[in-house]
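Asks: Here's the letter readout for the chains.
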Amino acid sequence: MKRTFVTSAIAAATAVFLAGVSTSAMAQGKLSGDSVKIGVLTDMSGVYADYGGPGAVAAAKMAVKDFGGKMFGKPIEVVNADHQNKPDIAKNVTQQWFDRDGVDMTVENLNSAVALTVQALGKEKNKITIVTGAATARMTNEDCAPGTGIHYLMDTIALSNVVGKAIVKDGGDSWFFLTADYAFGHSLEKDTSEVVKAAGGTVKGAVRHPLSTGDFSSFLLQAQSSGAKVVGLANAGGDTVNSIKAAAEFGLTKKQNLAALLMLLTDVHAIGLNTAQGLYLTEGWYWDLNPETRAWSQKYEAEMKKKPNSNHASVYSSTMHYLKAVQAAGTDDTAAVMKKMQDTPINDMFAKNGKLRPDGRMVHDMYLFQVKSPAESKGAWDYYNLKGTIKGDDAFQSLAQSRCAALKK
Amino acid sequence: MGKRLIYGALLLVLLVAPFVGYPMFLMKVLCFALFACAFNLLIGFTGLLSFGHAMFFGFAAYVSGHAAKVWGLTPEVAVLAGTLSAACIGLFTGWLAVRRQGIYFAMVTLALAQMIYFICVQSPFTYAEDGIQSIPRGKLFGVLDMSSDTTMYYMVLAIFVAAFALIYRVVHSPFGQVLKSIRENEQRALSLGYNVDHYKLLAFVLSATLAGLAGATKAIAFGLATLTDVGWQMSGEVVLMTLLGGMGTLIGPAVGAAVIITMENYLASLGSWVTIIMGCTFVVCVLVFRRGIVGEIEHRLGGKD
Amino acid sequence: MTEIFGVPIQALMGQLMLGLVNGSFYAILSLGLAVIFGMLNIVNFAHGALYMVGAFFAWMLLNYAGINYWMALVIAPIGVALIGVLIEKTMLRWLHQLDHLYGLLLTFGLALILEGIFREFYGSSGLPYELPQVFRGVFDLGFMMLPKYRVWVIVVSIVLCFFTWFVIEKTKLGAYLRAGTENPNMVKAFGINVPLMVTLTYAFGVGLAGLAGVMAAPIYQVSPLMGSNIIIVVFAVVVIGGMGSILGAILTGLALGLIEGLTKVFFAEASTTVVFVIMAIVLLIRPAGLFGREK
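Line order of the protein sequences matches chains H, C and G. Under the working numbering, the residue at position 361 of the first sequence is numbered 361, and the numbers go up by one with no gaps. Under the working numbering, the residue at position 37 of the second sequence is numbered 37, and the numbers go up by one with no gaps. Under the working numbering, the residue at position 130 of the third sequence is numbered 130, and the numbers go up by one with no gaps.
By construction, these hints were calculated from the structure, which means they are not laboratory data. Note that the Cβ used here is the ideal one computed from N, Cα and C, for glycine as well. You may find that some hints are simply not true.
Here are the simulated lysine to aspartate or glutamate pairs, DMTMM-like style, with alpha carbons at most 20 angstroms apart [unchecked claim]:
id, chain 1, residue 1, chain 2, residue 2
1, H, 125, C, 298
2, H, 65, H, 215
3, H, 245, G, 140
4, C, 69, H, 142
5, H, 324, H, 348
6, C, 69, C, 197
7, C, 69, H, 124
8, C, 139, H, 124
9, H, 125, C, 145
10, H, 204, G, 269
11, H, 245, G, 99
12, H, 254, G, 269
13, H, 255, G, 99
14, H, 123, C, 149
15, C, 180, G, 99
16, G, 148, H, 303
Here are some chain H residues the structure puts well away from chain G; computed CB gaps all over 12 angstroms [unchecked claim]:
id, residue
17, 53
18, 198
19, 208
20, 270
A few chain G residues that face chain C, going by a derived Cβ cut-off under 8 angstroms, partial list only [to be verified]:
id, residue
21, 115
22, 141
23, 200
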């Protein structure tokens, strides 16, 4: 009796274990050259969910649909995952996507920590990784991946070049930084500090806050006591929204100016024009720029019930560019597709004469905006006044200045 | 005889597994199985609930990752470095924690783990939210290239088997008997002349060291060491694995780890539901399934005869 | 501007005030924990999660039913207390005979469930809760800005804490409660319904947490993670203060909040760990806690 039970127990346990093990094995080997599978990796529910999130997934699917839904007769698949802003979850998912699930390309990939992990993984597995929502300039410098990694939307250098210079020119020559304590925040603080100092300003100090902080009061107190003219917010998404709201609550804006170094349309929406008006910011795209952007935004809004931000638009544009390159190359082989993507300029609703450089940087125009006052705005999402267009080559770091070691060989 | 058969069969399964399954997944199971077995030394055999075991697991992962990436040490030395760091932390925290008993002990370990967590957030070498990324696997003993997942798997398996054998020996030794007596009735053990605090501390350090071994190995195998590894959720997870598998049994924690990791893998797309399910598993286990899977099996075996 | 030890007085006072606000929350939460532990010998890990639920109830009342902050201050804690009754009657009841560690494990599981549910439906980035109009703005005292709402929080917390302490230590009801912990059988023999007292005590303890949640909603973002962030600090507070004493819990909570605030001014990097470091020191010198009576 006992022996039978023991034997059946072992058998059951082994069966369960092997079942778990072999179902994961069964998924191996589905990678075929014909079927294109795209993975959208983003933050679906956390501090950056409005940046990327479900909107990014929708944008990628829109691109696939507009492309025709099929590549060489086979349907194009789009899968997605939520990394909850954790690099280990991101690595796990992406690894499985590449190793077992036959995913050919991943797109979006905010935040900066996740982007670095994913780009390194793409380099290791020789798969194309397109980063749109992350901003650290390390993507095309220290941590570059020339054959596989693409940095599509903006980076911390462009942000500081456009916004930083504009504010210093306006008289804001002493800065104090409120920095999100990870790759992105550090990059943004460093790059903006360099711009400020080059323009003759001073940096009085900085304070680091954890990602997704709810209560900024004590950090803002430190900013207030620094006496700097400008408090630079080297953070993004929900953190920027909360910083700005708390600054208003504590009356910081009475004596100091706020500089939101990375702010998207969806952030302004969350803060409200009352509090956000007058802020300078830079984006790579805006829904109300021209008839093309307006048309696409309308399509997006019909599905998502809100206007798209520049990240969503870049997911659409980059996915479309990838699909067209695969079609032109006749294969989804990484090197061939990458070459097509670099050789073809990007001319769509997102960018005019956008160029993909060897270091992975997609160079396109950047825009300086100022947030409208409630009186100026004609309705929801009508938030920006265009203050200037900066040519891509001026905004982004030049190829010669790149610290990408792989390029120098 | 029955036990030997089970162990032998399982070892056989583990030896052939990488050819049937996905090595990365298997390695994850093994690392966490080791973590849970190490934790079980404390709760299952000494009766001490540590709610902060992630501090050993995660900190060792950071040290091992740093050793491999920045100091360029070979994987076995890096793992050793990580394990030793966990032992040191174990000594320090254990010395503080054994001053209290029962609930207080658990709360103290939780609080100390949180302190380590925040220290990790602040320390530059951990890169906070980014974590230590792209940890190289290097060459084992300077000769064997570890970049193949299958080769790495066998290293992890070897570490697991060795550590498990150690736990087995400890549990069945006179030292282990004293631990069990402390779990059953601390006062009586004290009255018999045993220096109970010393035994508890020793068990704590041993448990911490092996948990560190698991974390250090994980860092090399997965190439990543992040804040998740030192967080309180990780501490809670290992408690759940042990509870589910069977506290006080030898393979229970490993089984629990396998179940939880498998569940997390398949339900990953459900996001927060994983947390909810883990919570429910806790509640159900505490209310009606306290012996855990292996514990329940052993109980039925004992009862039927 | 005037400086103390090289720090502008405005910054110092500002951080102290913020510290006092944090301390108020620590005090209320550790008070609730101490009350529950005193009666049930259970360390309620779900305390942080129920604090979060209180905040969410306030948010839901405002956004779904248009019920304002003042009503929420009453309704939300009652809602949380009812959840407490449910938990105690269906689950905690069965653990009385077992090792106390199982209570910790069960409530830990409950905390995970609550956090998971709210995170699933509301995301993790936090939702804003509007301050009632009367509380907006600051008192400009010259040497510091004093946001009106935070003053309110401090006042209410202190009043609430001392009211609870008074009830438990100085009234007949409190005497029954304390007797019930010491010797439940004896108290039952006197005809007092001990199980009912236990349930009500748990409900009261978590109701306090829920109330703290409502008060926290306008200050911190209403987020599913707000409970777990704070509960571990509260555990440390309780270890430092000692579980035996209600007054100890209150005073330790307030004091630690202040110390945290001071640390932010003079040694900002240590502010997250200072509470735990103090706990380590207290464990070395006085293991039973500053006000503790070893049970």
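Asks: Compare the structure with each hint and give your call.
Replies: Going down the list of hints, with the structure as the test:
Between residue 125 of chain H and residue 298 of chain C, the direct Cα distance comes to roughly 45 angstroms. Violation of the 20 angstroms bound is thereby established for this hinted pair. Between the alpha carbons of residue 65 of chain H and residue 215 of chain H the distance comes to roughly 42 angstroms, so the proposed pair goes past 20 angstroms and is violated. Our distance criterion of 20 angstroms between C-alpha atoms is met by residue 245 of chain H and residue 140 of chain G, whose separation comes to about 19 angstroms. Among the hinted pairs, residue 69 of chain C with residue 142 of chain H is consistent with the structure: their alpha-carbon atoms are about 16 angstroms apart, no more than 20 angstroms.
Distance hint between residue 324 of chain H and residue 348 of chain H is fulfilled; the C-alpha atoms sit about 12 angstroms from each other, no more than 20 angstroms. Proximity of residue 69 of chain C to residue 197 of chain C is assessed by CA-CA distance (about 38 angstroms); at most 20 angstroms being required, the pair is judged violated. As the CA atoms of residue 69 of chain C and residue 124 of chain H are separated by approximately 16 angstroms, the hinted pair is consistent with the 20 angstroms bound. Distance restraint check for residue 139 of chain C and residue 124 of chain H: the Cα-Cα separation of roughly 17 angstroms lies within the 20 angstroms cut-off, and the hinted pair is therefore satisfied.
At roughly 18 angstroms between alpha-carbon atoms, residue 125 of chain H and residue 145 of chain C fall within 20 angstroms of each other, so this suggested pair holds. In summary, the hint linking residue 204 of chain H to residue 269 of chain G is supported, as the alpha carbons are separated by about 18 angstroms, within the 20 angstroms threshold. The straight-line distance between the Cα atoms of residue 245 of chain H and residue 99 of chain G is roughly 47 angstroms, outside the 20 angstroms bound, and the hint therefore fails. For the given pair, residue 254 of chain H sits about 28 angstroms from residue 269 of chain G by alpha-carbon distance, which is inconsistent with the 20 angstroms threshold.
Of the pairs offered as hints, the one joining residue 255 of chain H and residue 99 of chain G is violated, with about 58 angstroms between alpha carbons and a cut-off of 20 angstroms exceeded. Using a Cα cut-off of 20 angstroms, the hinted pair residue 123 of chain H and residue 149 of chain C holds, with the two alpha carbons roughly 17 angstroms apart. Of the pairs offered as hints, the one joining residue 180 of chain C and residue 99 of chain G holds, with about 16 angstroms between alpha carbons and a cut-off of 20 angstroms not exceeded. A distance of roughly 43 angstroms separates the Cα atoms of residue 148 of chain G and residue 303 of chain H; the hinted pair therefore is violated under the 20 angstroms criterion.
Once the 12 angstroms rule is applied to beta carbons, residue 53 of chain H is inconsistent with being away from chain G; the minimum gap is 9 angstroms. At roughly 28 angstroms from the closest C-beta of chain G, the C-beta of residue 198 of chain H stays outside 12 angstroms, upholding its exclusion from the interface. Some Cβ of chain G comes within 12 angstroms of the Cβ of residue 208 of chain H; the nearest lies about 9 angstroms off, and the non-interface call is violated. Under the 12 angstroms C-beta cut-off, the non-interface status given to residue 270 of chain H relative to chain G is violated; the minimum distance is some 8 angstroms.
Restraint check, residue 115 of chain G versus chain C: the minimum CB separation of about 6 angstroms is within 8 angstroms; hint holds. The interface hint given for residue 141 of chain G is broken, as the beta carbon of that residue sits about 33 angstroms from the closest beta carbon of chain C, more than 8 angstroms. About 22 angstroms separates the beta-carbon of residue 200 of chain G from the nearest beta-carbon of chain C, more than 8 angstroms, and the hint is not met.
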